Amino acid sequence: MELARSDSVLSCIKEPRLEPFKSVSDPLIQSLLFIRNLAIKLRLSQSCVATAQLYFHTIAVSNSYMKLDNLLLAGACLFLASKALEQPRHLEVVCRKFYEERSAIRISLNPRLQVPPLSESMLVGLKQSLLQYEFSVLEAICFNVEIPLPYPHISSFVASLDLSPYNKQDLLKIANNFANDSFRTSVLLRKDAENVAAACLYLASNYLGLGLQIVADQETVQTILELYKTQ
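Counting from 1, position 26 in the sequence shown corresponds to residue 26 in full-length UniProt numbering; the numbering is continuous, with no gaps.
If you're looking for bench data, these hints aren't it; they were derived computationally from the structure. Hints may contain errors.
Below, a list of computed lysine to any residue pairs in the SDA-like style, where the Cα atoms sit at most 25 Å apart [to be verified]:
(1) K97 to P116
(2) K41 to R106
(3) K168 to E146
Beta-carbon label-pair distances, calculated as ranges [to be verified]:
(4) V124 to S156: 16 to 22 Å
(5) K67 to F143: 18 to 24 Å
(6) Q222 to K83: 32 to 38 Å
(7) V61 to E86: 38 to 44 Å
(8) E86 to L189: 21 to 27 Å
(9) L131 to R106: 27 to 33 Å
(10) E92 to V145: 17 to 23 Å
(11) L131 to K67: 14 to 20 Å
(12) K67 to Q128: 17 to 23 Å
(13) M122 to L163: 27 to 33 Å
(14) S129 to Q222: 35 to 41 Å
(15) M122 to P165: 29 to 35 Å
Here the structure is a predicted model, which means the values were calculated and not measured. Every residue, glycine too, gets a C-beta built ideally from N, C-alpha and C.
Modelling step: build the complete structure from the supplied sequences, incorporating the hints.
Encoded structure:
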């Protein structure tokens with residue numbers, strides 16, 4: 001299968017960036033995007049983003065997130081993931097960055113809106129809300145905070161290849177970016193991390209024209225490719 005270097009597929013290899021919230025209408029995608037943007041402001045790793053997004057997907061499967069504040073739930077998922085991956089951020093810092101990002105979203109949707117500064121009483125309330133939502137996330141994931149991710153499998157496979165350092169660097173970067181985008185789907189709730197890693201490596205190899213013989217689950221491959229067909 002040939003993976004053309006089209007504009008839609010090129011989006012998978014861009015550097016992490018803040019994305020405009022108002023261009024997205026799907027509540028689930030909005031929440032996943034909020035996690036990513038908040039993580040960038042908190043200087044958290046992509047592994048934290050991926051873990052938080054998987055927590056959110058787990059809750060979304062039951063549709064229980066529809067009864068909750070999506071952004072508070074997204075913030076709680078990221079707060080919990082940061083602790084699970086030993087990259088903790090102080091609750092007050094998370095709350096302040098959360099309020100900043102949520103305020104920016106509200107203003108982008110309604111430019112005339114006057115958002116008040118975060119007062120001490122509002123900060124206390126926000127802390128309590130995030131902690132309550134964090135417990136709801138823990139219940140939804142049955143307190144199993146450790147989730148296998150595809151990145152170690154990708155790194156291990158690339159390291160084992162007899163390729164030039166330049167090709168290895170390109171393959172690693174693009175496969176990891178396919179993996180980053182895969183978390184916009186719920187594929188890791190259905191497939192294991194090694195399965196998703198193989199699909200990302202397969203796509204990256206085809207994109208670069210390396211011709212590597214990678215056995216990949218075509219259902220997973222197509223699930224990831226669907227992301228670019230809808231952009």
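Each hint, compared with the structure:
no.: 1; hint: K97 to P116; in the structure: holds, 15 Å
no.: 2; hint: K41 to R106; in the structure: holds, 17 Å
no.: 3; hint: K168 to E146; in the structure: violated, 28 Å
no.: 4; hint: V124 to S156: 16 to 22 Å; in the structure: violated, 45 Å
no.: 5; hint: K67 to F143: 18 to 24 Å; in the structure: holds, 21 Å
no.: 6; hint: Q222 to K83: 32 to 38 Å; in the structure: holds, 35 Å
no.: 7; hint: V61 to E86: 38 to 44 Å; in the structure: violated, 27 Å
no.: 8; hint: E86 to L189: 21 to 27 Å; in the structure: holds, 24 Å
no.: 9; hint: L131 to R106: 27 to 33 Å; in the structure: violated, 23 Å
no.: 10; hint: E92 to V145: 17 to 23 Å; in the structure: holds, 22 Å
no.: 11; hint: L131 to K67: 14 to 20 Å; in the structure: holds, 18 Å
no.: 12; hint: K67 to Q128: 17 to 23 Å; in the structure: holds, 19 Å
no.: 13; hint: M122 to L163: 27 to 33 Å; in the structure: violated, 53 Å
no.: 14; hint: S129 to Q222: 35 to 41 Å; in the structure: holds, 39 Å
no.: 15; hint: M122 to P165: 29 to 35 Å; in the structure: violated, 51 Å
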